[in-house]
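Engineer: Spelled out, the chains give:
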Amino acid sequence: MRGILVALGVAGVLLALNAAFVGSMGPGLAMPPYLLQVICLAGINVILAVSLNLINGFTGQFSIGHAGFMAIGAYSSAYFTVTFGDRVRAAAGFLPPSGQESLVLLLALTIGAVLASIAGFFVGVPSLRLRGDYLAIVTLGFGEIIRVFILNIDAVGGARGYSGIPKLANFFWIYGFAAVTILVVYRIVHSSFGRTLVAIREDEIAAEAMGVHTTRAKVISFVVSSAMAGVAGGLFAHYLMYIHTNSFTFIKSFEIIIMIVIGGLGSITGSILGAVLFISLTEGLRQFAQYRMVLFSLLLIVIMIVRPQGILGRREFAIFSRRRDRPPGGGSTDGRGNL
Amino acid sequence: MTTFLQQLVNGLSLGSIYALIALGYTMVYGVLRLINFAHGDVYMVGAYVGYYLSRKLRGAEPSIGSALLVMLGAMLACAALGVLIERFAYRPVRREARLTLLITAIGVSLFLENGAQLVFGPDPKFFPSLAPRTDFLIGGVRLTSEQITVIAVSFLLMILLRLFILKTRTGKAMRAVSFSLDASRLMGISTDRIIATTFALGSALAAAAGVLIGMQIPKIDPLMGILYGLKAFVAAVLGGIGSVPGAVLGGLLIGTSEVMVVGYLSSTYRDAIAFGILILVLILRPQGLLGRVHKEKV
Chain R
1 MRGILVALGV AGVLLALNAA FVGSMGPGLA MPPYLLQVIC LAGINVILAV
51 SLNLINGFTG QFSIGHAGFM AIGAYSSAYF TVTFGDRVRA AAGFLPPSGQ
101 ESLVLLLALT IGAVLASIAG FFVGVPSLRL RGDYLAIVTL GFGEIIRVFI
151 LNIDAVGGAR GYSGIPKLAN FFWIYGFAAV TILVVYRIVH SSFGRTLVAI
201 REDEIAAEAM GVHTTRAKVI SFVVSSAMAG VAGGLFAHYL MYIHTNSFTF
251 IKSFEIIIMI VIGGLGSITG SILGAVLFIS LTEGLRQFAQ YRMVLFSLLL
301 IVIMIVRPQG ILGRREFAIF SRRRDRPPGG GSTDGRGNL
Chain Y
340 MTTFLQQLVN GLSLGSIYAL IALGYTMVYG VLRLINFAHG DVYMVGAYVG
390 YYLSRKLRGA EPSIGSALLV MLGAMLACAA LGVLIERFAY RPVRREARLT
440 LLITAIGVSL FLENGAQLVF GPDPKFFPSL APRTDFLIGG VRLTSEQITV
490 IAVSFLLMIL LRLFILKTRT GKAMRAVSFS LDASRLMGIS TDRIIATTFA
540 LGSALAAAAG VLIGMQIPKI DPLMGILYGL KAFVAAVLGG IGSVPGAVLG
590 GLLIGTSEVM VVGYLSSTYR DAIAFGILIL VLILRPQGLL GRVHKEKV
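Residue numbers (the working numbering), protein chains in the order written: chain R, 1 to 339; chain Y, 340 to 637.
If you're looking for bench data, these hints aren't it; they were derived computationally from the structure.
One thing to keep in mind: the hints can contain errors.
As the list claims (entries may be wrong) - Think about it this way: if two alpha-carbon atoms lie no more than 30 Å apart in a straight line, the pair counts; the simulated DSBU-like pairs of lysine-lysine are:
| hint | chain 1 | residue 1 | chain 2 | residue 2 |
| --- | --- | --- | --- | --- |
| 1 | Y | Lys-558 | Y | Lys-464 |
| 2 | Y | Lys-395 | R | Lys-252 |
| 3 | R | Lys-252 | R | Lys-167 |
| 4 | Y | Lys-558 | R | Lys-252 |
| 5 | Y | Lys-464 | Y | Lys-395 |
| 6 | Y | Lys-558 | Y | Lys-395 |
To be verified - Derived DEER-like restraints, expressed as beta-carbon distance ranges:
| hint | chain 1 | residue 1 | chain 2 | residue 2 | range |
| --- | --- | --- | --- | --- | --- |
| 7 | R | Arg-129 | Y | Leu-628 | 12 to 20 Å |
| 8 | Y | Gly-479 | R | Ile-205 | 56 to 64 Å |
| 9 | Y | Leu-566 | R | Ala-206 | 47 to 55 Å |
Every residue gets a Cβ at the ideal spot worked out from N, C-alpha and C, and that includes glycine.
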């Protein structure tokens, strides 16, 4: 009961903020469009960072193809909206227009999430069966290959990019889904399954000896993470109304990694902070665009040398850590897993 | 049949480039158990060093001597770069978790790619020809002098590497370190020095590959290392990561199959072939063709 009330409260606050930002509650409260767009893109990056942290930070498996799953979500959901959107609206004619739009968006995002998770399953099974860093190279390859495939599908624009996607996503939907992502990852991490994941991160052999089906747990974690990346991609497509495969290169994947490394591998609040910090820095340093990535890559190396667990490490901000349970990183105190 | 032989020659010359890069991956993996993501970018730097050196030598006629000079210069520069990367990025985190080492490697890779765009400019550059070119026709198969050079130089370097690993004291120490880092330290081997040597050797081979690709496909750009690095890594996995002959075999197989698929099927998915092979290897034979199964011990 309390949960439902909190959820309704959050939704109400987001709806009110959304109305205020676009200016329907008086021009004084309206947000400049550029700033609003940056805030919305930050929200999408929060979803990406928090979901990537589930596999990289909590399970200790290194995935560097998150942008590939994002691309699948973006293209499949956009294709659905463009092709079947009208039919869905007609079928749901009894709903008010905003209800129809929401229904189309939710269906599109579901399809994006399902397809991204199927891709995640087929990428994850061969590489997660093995110990070691194979997931890294397979996901990197996958991320590039899926781009080449999309580039050759003419139905979604190919090299011209995919335009004409209706603008169905807004501040409300993006931050609503960010809240859902954070909640889901938080609940997973604090469940017994979450402790399984942390056990795999800390010592895979010991976890296996304790009777954990490590491959199964790793694949589930990876599939959930991919599905969330698919949702983020769908929101991205329906917010910007135009997508191109150049938005989903390995550089995007590396950016998400930088976010979670800045924030802390294995900290949910850390990845939120990292995503917001990264977006603020990239927008703030826009006039130094060519030095920006050099700076970020140096930052990545220096953080790894000086503070390998990231700035926040595995700690969470106070609102997020209930006093009665220990933080999910409780196993090792030095913050160094054994992979 | 002639077409097939022609494709085979083309495949072998591409494959020997992959093999040269794959050797660096497999050697570093052998001693550090690290996928050195920056290795593909060292290869790119090698190509650029070769480019600037050959521009410096432009006054001289293209000759074997100047080509040799360019190649040696690039190899030396990249050996130094490899040692620097190892010393300042990897050594401080060597005792940390594997994930830390991997993220550092990605950081180094990003740094080299973006630094190269800054220093060399993001646009592709055209590699000047280093040696006078002639074509040979043997039984209907056209062999360019570049292809012959690429295959000959690669195989010479691979044989030299094999002799180095099998016949010298340092090579013996490298084999010991890749067998067990801790045990070789206890036996009095200076592991830091051996790891640095491994990086130097691997990077020099990558630089040679960079100059050779510049001679063959005369277009180089700061991001060229990513795809070649990825395919060379797949080659190392296919041959059995950690195995030096495996890397050569894997490189030649990947190069040949890529050229064959492009020649007989379609060029659209040429970059997907290596990836498909990687998935198949991971499912069917994760230890690779010539690799050994490592027992996991606590």
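Engineer: Decide, hint by hint, whether the structure agrees.
Structural biologist: Hints versus structure:
For a cut-off of 30 Å, the pair hint linking Lys-558/Y to Lys-464/Y stands: about 6 Å separates their Cα positions. A hinted pair counts as satisfied when its Cα atoms are at most 30 Å apart, and Lys-395/Y with Lys-252/R does not qualify at roughly 37 Å. For the hint linking Lys-252/R to Lys-167/R, the alpha-carbon distance of about 22 Å falls within 30 Å, and the restraint holds. Distance check on the hinted pair: Lys-558/Y and Lys-252/R sit about 25 Å apart at the alpha-carbon level, within 30 Å; holds.
Simply put, Lys-464/Y and Lys-395/Y have alpha-carbon atoms about 15 Å apart, close enough for the 30 Å limit, and the pair holds. For a cut-off of 30 Å, the pair hint linking Lys-558/Y to Lys-395/Y stands: about 18 Å separates their Cα positions. A C-beta distance of roughly 19 Å is found between Arg-129/R and Leu-628/Y, which places it inside the suggested range of 12 to 20 Å. The given range of 56 to 64 Å is respected by Gly-479/Y and Ile-205/R, whose C-beta atoms sit roughly 57 Å from each other.
Checking the proposed 47 to 55 Å range against Leu-566/Y and Ala-206/R shows it is violated: the Cβ atoms sit about 38 Å from each other.
The structure is inconsistent with the numbered hints 2, 9, although it conforms to all the rest.
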